[in-house]
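Trainee: One letter stands for each residue in the lines below.
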Amino acid sequence: MANNTDFLLALEGVTVSFDGFKAVNDLNLYIDKGELRVIIGPNGAGKTTVLDLICGRTRLSSGSIKFKDEEISNLKEQQIVRRGIGRKFQTPSIYDDLTVFENLELSFPRGREVFGALFWNRTTEIIERVREIAEMIYLSDQLDRSAETLSHGQKQWLEIGMLLIQDPELLMLDEPVAGMSVSERTKTAALLNTIIKNRSVVVIEHDMKFVESIAHRVTVLHQGKVLCEGDMEKIHADPRVKEVYLGH
Amino acid sequence: MSNSLFGKRSYDVIAFVLLAVLILVVLPLTLDAFRLNLFGKYLTYSFVALGLVLCWGYTGILSLGQGVFFGLGGYCMAMFLKLEASSVANTKIQSTPGIPDFMDWNQITELPFFWRPFHSLTFTLAAIILVPCIMAFVLSFAMFKRRVGGVYFAIITQALSAVMTILIIGQQGYTGGVNGITDLRTLLGWDIRPDHSKVILYFVCCVLLLGCILLGRFVLTSKLGRILVAIRDKEDRVRFSGYDVANFKVFIFCVASAFAAIGGAMFTLQVGFMSPSFVGIVPSIEMVIFCAVGGRQSLVGAVAGALLINYGKTVFSESFPELWLFAMGGLFIAVVLAFPRGLAGLMTDQVMPWVTRMRNGKGGATPSISPSPAE
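Protein chains in written order, with the working numbering: chain A, 8 to 255; chain B, 7 to 381.
If you're looking for bench data, these hints aren't it; they were derived computationally from the structure.
Just so you know, these numbers come straight off a predicted model, no measurement behind them.
Take these hints with a grain of salt, some might be off.
What the hints assert, rightly or not - No more than 27 Å apart at the CA atoms, straight line, and that leaves these computed lysine-lysine pairs for DSS-like: (1) A:Lys29 <-> A:Lys232; (2) A:Lys83 <-> B:Lys151; (3) A:Lys40 <-> A:Lys73; (4) B:Lys240 <-> B:Lys151; (5) A:Lys73 <-> A:Lys204; (6) B:Lys319 <-> A:Lys83; (7) A:Lys241 <-> A:Lys83; (8) A:Lys249 <-> A:Lys204; (9) B:Lys151 <-> A:Lys73.
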């Protein structure tokens with residue numbers, strides 16, 4: 008087993024089975040520091056499951072997941088988050104009953120214990136940081152609005168903002184442009200290009216145009232295994248990828 | 007908008023002041039000692055309703071076992087008062103003088119070990135809060151760490167209240183059984199039975215209640231309060247924002263149980279006894295109804311709900327005793343179907359906008375204040 012310390016995230020021999028069905032089968036995946044990796048693949052290939060495994064939502068059947076050379080597969084979700092891994096869900100997952108400002112404030116990585124939260128002080132530093140993030144996600148004039156009333160695209164951005172304010176070293180996005188209009192997609196691509204500085208990002212996406220606009224390296228998953236990995240040209244040239252995914 | 011936020015806050019303050027005036031001034035001036043004591047009893051239920059606002063209304067944890075915590079607080083108080091009432095001089099006709107009468111009737115000849123510390127008032131006051139809190143902590147920690155929630159949690163709390171009732175009734179010699187702990191007389195030599203004592207206890211109860219409302223408001227307006235709402239909305243997301251959700255749920259459940267316990271202790275003092283009929287499933291569910299009718303997201307609303315329903319119960323059951331349960335059931339169905347946010351919701355959603363409209367109508371100008379719809 009390779010034990011290369013250069014990788015930020017290393018999945019080795021990862022298998023997970025649900026009642027005998029192997030959703031992810033002996034998967035190896037390595038993410039470098041500062042890398043933007045796109046994972047594509049047909050439905051049921053295990054893409055979302057891989058993200059669920061990394062962030063602790065689903066437990067491994069066997070294998071290991073190392074983040075910065077430390078095993079994280081036995082940690083709880085919130086512990087993994089605190090190590091520096093942020094996760095965006097497929098459907099926008101925000102707090103509908105709170106305002107945009109409060110959504111971002113809650114995600115600020117401090118005051119996470121019960122009494123820390125009870126005696127929380129909204130300092131100017133926090134307000135500044137919330138405004139800074141809101142600026143990035145195109146919501147700076149919506150801070151007092153209830154999150155419930157945002158449009159679908161704005162909700163997606165808000166969730167990305169909630170991750171950014173945590174300043175994670177690894178950011179995982181599950182279909183960030185699904186259901187967005189063309190202009191929202193362009194803005195999201197620009198947003199992604201700003202936020203990938205200083206951190207590694209893993210994106211799951213179906214929209215090939217969008218993938219081409221952002222991808223550095225692409226991993227194709229098929230039936231829980233890596234089918235092919237490399238830059239966009241290599242993926243396009245690979246006959247197996249054409250057969251299972253791109254060809255349609 | 008920040009404007010409406012301010013508006014909501016000032017509603018809260020107005021409601022709090024109105025409640026304080028009602029219970030501290032209006033009721034004592036208009037009611038005789040007997041009726042005032044009845045309202046004192048209703049107020050003790052509103053402590054429980056307050057706790058339910060925190061854990062059910064804001065965090066989404068429905069507990070059908072708040073009667074257990076109400077009862078534990080009440081029993082702790084009753085044990086102290088009973089020991090004081092069972093002095094050797096008072097109980098010299100018993101075969102074992104100096105122990106509570108019901109123990110003597112059950113052939114117990116020595117004070118059980120867990121009764122002994124209740125000779126001390128300091129210990130008792132601490133126990134009133136700590137015993138229910140520890141119980142709530144153990145239960146909720148075991149459940150929430152395993153991510154048992156929602157209906158399952160409600161069912162387990164309900165089972166707890168059944169277990170508690172059976173335990174109290176079964177252990178007659180130690181608990182007074184189905185009769186409860188009765189014949190309580192003095193608190194450190196001060197007779198709690200005459201009318202003037204009851205008036206003082208009523209005011210103590212009011213002050214404690216107002217204090218609990220302020221404490222609840224402090225919790226709800228802190229960041230912790232917003233985390234509770236977030237947990238109600240999207241528990242998973244809160245976890246992925248780096249919070250240990252179970253800790254927050256355990257905390258708020260313990261606060262709710264402590265509020266209920268204070269209510270229970272004040273109940274014992276004002277009514278003069280404590281019995282298992284306040285611990286079981288029916289009273290626990292009634293308390294949820296008080297909270298639902300008053301408004302489960304409003305502290306003052308829940309208190310008002312407890313007062314109104316209990317007042318209604320007294321008035322109604324004096325004239326039509328057999329109809330009361332139907333009326334209460336009907337009311338609960340009406341609340342769930344027609345105004346899920348209770349009386350407080352009715353107030354802020356219907357009455358206040360109507361008042362604003364009337365005022366604007368008089369002024370001649372009716373600016374559109376409806377928020378712009380989402381895209």
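Trainee: Work down the list of hints and note, for each, if the structure agrees.
Mentor: Each hint, compared with the structure:
For the given pair, lysine 29 of chain A sits about 10 Å from lysine 232 of chain A by alpha-carbon distance, which is consistent with the 27 Å threshold. Between the alpha carbons of lysine 83 of chain A and lysine 151 of chain B the distance comes to roughly 11 Å, so the proposed pair stays at or under 27 Å and holds. For the suggested pair lysine 40 of chain A and lysine 73 of chain A, the alpha carbons sit about 13 Å apart, so the restraint of at most 27 Å is met. Using a Cα cut-off of 27 Å, the hinted pair lysine 240 of chain B and lysine 151 of chain B holds, with the two alpha carbons roughly 17 Å apart.
Taking the CA atoms of lysine 73 of chain A and lysine 204 of chain A, the gap is near 22 Å; set against the 27 Å cutoff, the hint holds. Distance check on the hinted pair: lysine 319 of chain B and lysine 83 of chain A sit about 49 Å apart at the alpha-carbon level, beyond 27 Å; violated. Between lysine 241 of chain A and lysine 83 of chain A the CA atoms are separated by roughly 37 Å; this puts the pair beyond 27 Å, and the hint is violated. A C-alpha spacing of about 31 Å is found between lysine 249 of chain A and lysine 204 of chain A, which places the hinted pair above 27 Å, so the restraint is violated.
The straight-line distance between the Cα atoms of lysine 151 of chain B and lysine 73 of chain A is roughly 25 Å, inside the 27 Å bound, and the hint therefore holds.
Consistency note: the structure conflicts with the earlier hints numbered 6, 7 and 8.
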